[in-house]
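K.L.:
Keeping their order, the protein sequence lines are chains A and B.
1 is the number of the first residue of the first sequence in my numbering; add one for each residue after it.
1 is the number of the first residue of the second sequence in my numbering; add one for each residue after it.
Since the hints were made in silico from the structure, they are not lab data.
Virtual Cβ for every residue (Gly too), placed ideally from N, Cα, C.
Fair warning: there could be bad hints in the mix.
[Claimed, not checked] Computed spacing ranges between beta-carbons, pair by pair:
(1) B/E72 <-> A/S75: 47 to 53 Å
(2) B/S84 <-> A/S26: 23 to 29 Å
(3) B/T15 <-> A/I12: 34 to 40 Å
(4) A/S28 <-> B/K53: 26 to 32 Å
(5) A/S7 <-> B/E95: 27 to 33 Å
(6) A/A17 <-> B/V12: 37 to 43 Å
(7) B/E14 <-> A/P110: 40 to 46 Å
[To be verified] In silico DSS-like pairs for lysine-lysine, Cα to Cα no more than 30 Å straight-line:
(8) B/K53 <-> B/K11
(9) A/K97 <-> B/K57
(10) A/K97 <-> B/K70
(11) B/K53 <-> A/K97
(12) B/K70 <-> B/K11
(13) A/K54 <-> B/K70
(14) B/K57 <-> B/K11
(15) B/K70 <-> B/K57
[Unchecked claim] Some chain A residues judged to face chain B by a derived CB distance under 10 Å, without partners named:
(16) Q42
(17) Q55
(18) L59
(19) Y69
(20) L71
(21) Y73
(22) V84
(23) K97
(24) V98
(25) I99
(26) G103
Given next are the chains, with one letter for each unit.
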Amino acid sequence: GIQVEQSPPDLILQEGANSTLRCNFSDSVNNLQWFHQNPWGQLINLFYIPSGTKQNGRLSATTVATERYSLLYISSSQTTDSGVYFCAVRSTTSYDKVIFGPGTSLSVIP
Amino acid sequence: DAGITQSPRHKVTETGTPVTLRCHQTENHRYMYWYRQDPGHGLRLIHYSYGVKDTDKGEVSDGYSVSRSKTEDFLLTLESATSSQTSVYFCAISEPSGTLPYEQYFGPGTRLTVT
Chain A
1 GIQVEQSPPD LILQEGANST LRCNFSDSVN NLQWFHQNPW GQLINLFYIP SGTKQNGRLS
61 ATTVATERYS LLYISSSQTT DSGVYFCAVR STTSYDKVIF GPGTSLSVIP
Chain B
1 DAGITQSPRH KVTETGTPVT LRCHQTENHR YMYWYRQDPG HGLRLIHYSY GVKDTDKGEV
61 SDGYSVSRSK TEDFLLTLES ATSSQTSVYF CAISEPSGTL PYEQYFGPGT RLTVT
């Protein structure tokens, strides 16, 4: 089945710094999402982005499906950005199943 | 908020006992999923459903069964709980876009401890 990798696994930022999180996948996808899991365990949808670029406030995401990766950009980080960021993909050959990457754990310190 | 609730939210049970977790949705979504989340493993798909009485296995289905007798409810059953099934369980839904499943939304999770 499709493999999903995320980097870096852990990240510590000073408040106000920028960061880029990466998601690599091993097969063609027709669906890619980014989620934020907050410290209380809630999974929050950030982007549905199978291709192209989207922006939402300080966050933006780009997926280059032909090269099998996606990037999540966080600008001017805030302590509320702390948590784990997951990408999740649905391959074109197994479209019912959504597979998650292992996540990037982000800590933003004041 | 995609109208997803999970019950119970917390449960402690003993090894060997049966356990059923419930996922309930109010917006008539076609696809429903059960995941477990463990440290170091992210979220792993257990089972999913693409309609009433239509279910299929995910990555880690051994030891679990599911049922979907009506659109709004998706039940996950551990026939004989083991300590390795201690985890946080998440339910998710998605709607199809055309014939394909679309964006997923997650419930609040159920923390299960098997002693």
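K.L.:
Mind checking the alpha carbons of B/K57 and B/K11 for me, to see if they're no more than 30 Å apart?
P.N.:
Holds, at about 24 Å.
K.L.:
Quick one, are A/K97 and B/K57 close enough, alpha carbons at most 30 Å?
P.N.:
Status holds; Cα separation ~9 Å.
K.L.:
Taking 10 Å as the limit, does the beta-carbon of A/V98 come near enough to a beta-carbon in chain B?
P.N.:
6 Å, holds
K.L.:
Is 34 to 40 Å right for how far apart the beta carbons of B/T15 and A/I12 are?
P.N.:
Taking Cβ atoms as reference, B/T15 and A/I12 lie about 39 Å apart, which means the hint holds.
K.L.:
Given a hinted range of 40 to 46 Å, is it respected by the beta-carbon distance of B/E14 and A/P110?
P.N.:
Holds: the Cβ-Cβ distance is about 44 Å, inside 40 to 46 Å.
K.L.:
Taken at face value, is the distance from the CA of B/K70 to the CA of A/K54 at most 30 Å?
P.N.:
Between A/K54 and B/K70 the Cα gap is close to 36 Å, so the pair fails against 30 Å, i.e. violated.
K.L.:
Is the shortest C-beta separation between A/Y69 and chain B less than 10 Å?
P.N.:
At about 17 Å, which exceeds the 10 Å cut-off, the nearest Cβ of chain B leaves the hint on A/Y69 violated.
K.L.:
Verify the interface restraint on A/L59: the C-beta must sit less than 10 Å from at least one C-beta of chain B.
P.N.:
16 Å, violated
K.L.:
Taking 30 Å as the top limit, are the C-alpha atoms of B/K70 and B/K11 close enough?
P.N.:
24 Å, holds
K.L.:
Taking the CB of B/E72 and the CB of A/S75, does the distance hold inside 47 to 53 Å?
P.N.:
40 Å, violated
K.L.:
Is the interface hint for A/L71 satisfied, with its Cβ closer than 10 Å to some Cβ of chain B?
P.N.:
Result: violated, 18 Å to nearest chain B Cβ.
K.L.:
Given the hint that A/K97 pairs with B/K70, test it: the Cα-Cα distance must not exceed 30 Å.
P.N.:
21 Å, holds
Against the hints set out earlier in the document, violations occur for numbers 1, 13, 17, 18, 19, 20, 21.
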